[in-house]
Amino acid sequence: EDKVVQSPLSLVVHEGDTVTLNCSYEVTNFRSLLWYKQEKKAPTFLFMLTSSGIEKKSGRLSSILDKKELFSILNITATQTGDSAVYLCAVNNAGNMLTFGGGTRLMVKP
Amino acid sequence: DAGVTQSPTHLIKTRGQQVTLRCSPISGHKSVSWYQQVLGQGPQFIFQYYEKEERGRGNFPDRFSARQFPNYSSELNVNALLLGDSALYLCASSSPVYGGETEAFFGQGTRLTVV
Chain A
1 EDKVVQSPLS LVVHEGDTVT LNCSYEVTNF RSLLWYKQEK KAPTFLFMLT SSGIEKKSGR
61 LSSILDKKEL FSILNITATQ TGDSAVYLCA VNNAGNMLTF GGGTRLMVKP
Chain B
1001 DAGVTQSPTH LIKTRGQQVT LRCSPISGHK SVSWYQQVLG QGPQFIFQYY EKEERGRGNF
1061 PDRFSARQFP NYSSELNVNA LLLGDSALYL CASSSPVYGG ETEAFFGQGT RLTVV
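So the protein sequences, as listed, match chains A and B.
Residues in the first sequence are numbered consecutively from 1, following the numbering used here.
Residues in the second sequence are numbered consecutively from 1001, following the numbering used here.
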């Protein structure tokens, strides 16, 4: 059975801090790993990773995948209160049938 | 350009009743997936439909069923509702591209409460 585990479960930081969110996975037929941000309802897409060692960046957010060790990290630098959300990691094993982790709840205090 | 739209946004049902949730994908997307998200957990895959055919099914009982229409919109039906069916139901659409598929784009979800 495919499995995705995220850590930590929750995190409280202050504005300006840097955070690292972790995602480890076990899947039978890996195609890609995706990160989503969920603030209220709809998860919004952040990154899709398919190759090891290639960092993807978008502003203060970056992510990298290690297919040998089966994990990914999401980094957020200079955090802002607007970064407060649940961050979801998901693995796509075939055709976008995603297996999600339980999420990391990030709270950024002013 | 409209994203994925779901209706209704909220719903309250009684145990034993049946419910139908609706989803319209992004224009041009032919694949629709349904997920259940219980409070405090990540979404769980229920179904995927592509070109009106079921392409995948998660570990859910037969009380859950779905279909996709010629215009690629989709319905999720749940019969004989249980209290444990209370959750946020998310619909996602995607489209094939060379070498794979686009990322899944999610709708705002339907919050179902079973009392």
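Don't read these hints as lab results, they were simulated from the structure.
Yeah, the Cβ is synthetic: ideal placement off N, Cα and C, and Gly gets one too.
Warning: the hint list may mix true and false statements.
To be verified - Some, not all, of what chain B presents toward chain A, calculated at C-beta under 7 Å:
| id | residue |
| --- | --- |
| 1 | GLY1016 |
| 2 | GLY1042 |
| 3 | PRO1043 |
| 4 | GLU1054 |
| 5 | PHE1060 |
| 6 | PRO1061 |
| 7 | PHE1064 |
| 8 | SER1065 |
| 9 | GLY1084 |
| 10 | SER1095 |
| 11 | GLN1108 |
| 12 | GLY1109 |
| 13 | THR1113 |
**Request:** With chain A as the partner, please determine if PRO1043 (chain B) meets the hint condition of a C-beta pair closer than 7 Å.
**Result:** Cβ of PRO1043 (chain B) sits 5 Å from chain A, so the hint holds.
**Prompt:** Was the hint right that GLY1016 (chain B) lines chain A, CB cutoff 7 Å?
**Reply:** Check failed: Cβ of GLY1016 (chain B) comes no nearer than 27 Å to chain A, outside 7 Å.
**Asked** For the hint on GLU1054 (chain B), does the least C-beta distance to chain A fall short of 7 Å?
**Response** violated, 11 Å
**Message:** Can you verify the interface hint for GLN1108 (chain B): is its Cβ closer than 7 Å to any Cβ in chain A?
**Reply:** Since the shortest Cβ distance to chain A is 5 Å, the answer is holds.
**Request:** Under 7 Å, Cβ to Cβ, is where PHE1060 (chain B) needs to be relative to chain A, so tell me if that hint holds or is violated.
**Result:** violated, 13 Å
**Item:** Proposed interface contact between GLY1109 (chain B) and chain A, which counts if any beta carbon pair is under 7 Å
**Value:** Holds, because the Cβ-Cβ distance from GLY1109 (chain B) to chain A comes to roughly 5 Å (cut-off 7 Å).
**Prompt:** Holds or violated: GLY1084 (chain B) as interface residue toward chain A, Cβ cutoff 7 Å?
**Reply:** violated, 17 Å
**Item:** Hint status (Cβ of SER1065 (chain B) to nearest Cβ of chain A, threshold 7 Å)
**Value:** Violated, because the Cβ-Cβ distance from SER1065 (chain B) to chain A comes to roughly 17 Å (cut-off 7 Å).
**Message:** Does THR1113 (chain B) hold up as a contact with chain A if the rule is Cβ-Cβ below 7 Å?
**Reply:** violated, 14 Å
**Item:** Status of the SER1095 (chain B) interface restraint (C-beta, 7 Å, chain A)
**Value:** This hint is violated: SER1095 (chain B) lies away from chain A, its Cβ roughly 10 Å from the closest one there, beyond 7 Å.
**Prompt:** Against chain A, with CB atoms and a cut of 7 Å, does the hint on GLY1042 (chain B) hold up?
**Reply:** This interface hint holds because 4 Å falls under the 7 Å limit.
**Item:** Hint validity - PRO1061 (chain B) Cβ closer than 7 Å to any chain A Cβ
**Value:** Violated. Min distance 17 Å.
Going down the numbered hints, you'll see the structure goes against 1, 4, 5, 6, 7, 8, 9, 10 and 13, while the others check out.
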